[in-house]
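S.K.: Sequence:
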Amino acid sequence: MALVSLVLSTAACGAEEDKAEAALFTFADVEVAASHAVDCMREEGFEAEAPTYNDDTYAFSFSWVSQEDRDEVAEDCIDRYYFAMGNAWADLQASEVAAQNRQVDELVVQCLRKTGIEIEELNPETAAEVDRRFPGQRYECLVGALDSIAQPQGNG
Numbered sequence: 142m143a144l145v146s147l148v149l150s151t152a153a154c155g156a157e158e159d160k161a162e163a164a165l166f167t168f169a170d171v172e173v174a175a176s177h178a179v180d181c182m183r184e185e186g187f188e189a190e191a192p193t194y195n196d197d198t199y200a201f202s203f204s205w206v207s208q209e210d211r212d213e214v215a216e217d218c219i220d221r222y223y224f225a226m227g228n229a230w231a232d233l234q235a236s237e238v239a240a241q242n243r244q245v246d247e248l249v250v251q252c253l254r255k256t257g258i259e260i261e262e263l264n265p266e267t268a269a270e271v272d273r274r275f276p277g278q279r280y281e282c283l284v285g286a287l288d289s290i291a292q293p294q295g296n297g
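Here the sequence shown is numbered in our numbering, starting from 142 and rising by one per residue.
I should point out that these hints are in silico values taken from the structure, not numbers from a laboratory.
Some clues are possibly wrong.
Stated by the list, open to error - Result set (SDA-like, lysine to any residue): computed pairs, CA atoms no more than 25 Å apart in a straight line:
#, residue 1, residue 2
1, K255, R273
2, K255, A269
3, K255, L287
4, K255, A268
5, K255, N242
6, K255, A286
7, K255, Q278
8, K255, S202
9, K255, A235
10, K255, V245
11, K255, G277
12, K255, E266
13, K255, L283
14, K255, S236
15, K255, V271
16, K255, Y280
17, K255, S204
18, K255, A240
19, K255, E270
What the hints assert, rightly or not - With beta-carbon atoms standing in for the labels, derived distance ranges:
#, residue 1, residue 2, range
20, E190, I290, 32 to 40 Å
21, G186, G285, 41 to 49 Å
22, T193, D217, 50 to 58 Å
23, Q244, G186, 46 to 54 Å
24, D288, V206, 42 to 50 Å
25, E237, E270, 26 to 34 Å
26, E188, A291, 42 to 50 Å
27, E237, T193, 18 to 26 Å
Beta carbons: idealized from backbone N, C-alpha and C, even for Gly.
Given these sequences and hints, build the entire structure.
M.R.: Printed below as a string of structure tokens:
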């Protein structure tokens with residue numbers, strides 16, 4: 142028997158409806174869903190490990206001892222108890238990170254403008270041009286932007 146590991150990738154699976162549903166539950170709910178999936182596998186006779194969460198993908202991964210012709214039963218447990226909520230959670234987390242990145246980029250652009258650098262938006266090309274023409278300036282603005290976001294509101 143072999144150990145099967147399944148890492149769910151949710152990058153292209155989320156729908157707008159999932160994002161709306163994601164706001165209705167917490168990480169604790171996602172943990173419970175992952176635990177239910179493992180409980181289902183165990184009830185079906187699989188030796189399953191506790192699910193592990195990956196902060197980079199915002200998803201749980203599942204491992205079990207393969208029963209070759211029955212592995213689809215274990216995968217069905219994941220689909221039934223975890224998959225929809227896991228997708229919605231990952232989509233929500235990714236959209237929050239993207240929003241924070243846009244906020245940081247705008248603060249960097251504002252800072253660069255204050256120093257006299259004319260820039261419309263920050264993207265890989267404009268960032269490389271600023272770095273080439275004004276060494277260290279974008280980095281200073283980036284540090285300032287991150288510091289301002291890290292400070293509690295009203296204390297900055």
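S.K.: Of all the hints numbered above, which does this structure not satisfy? Sort the numbers upward.
M.R.: Going through the list in order, the structure violates hints 8, 9, 14, 17, 21 and 22 and respects the others.
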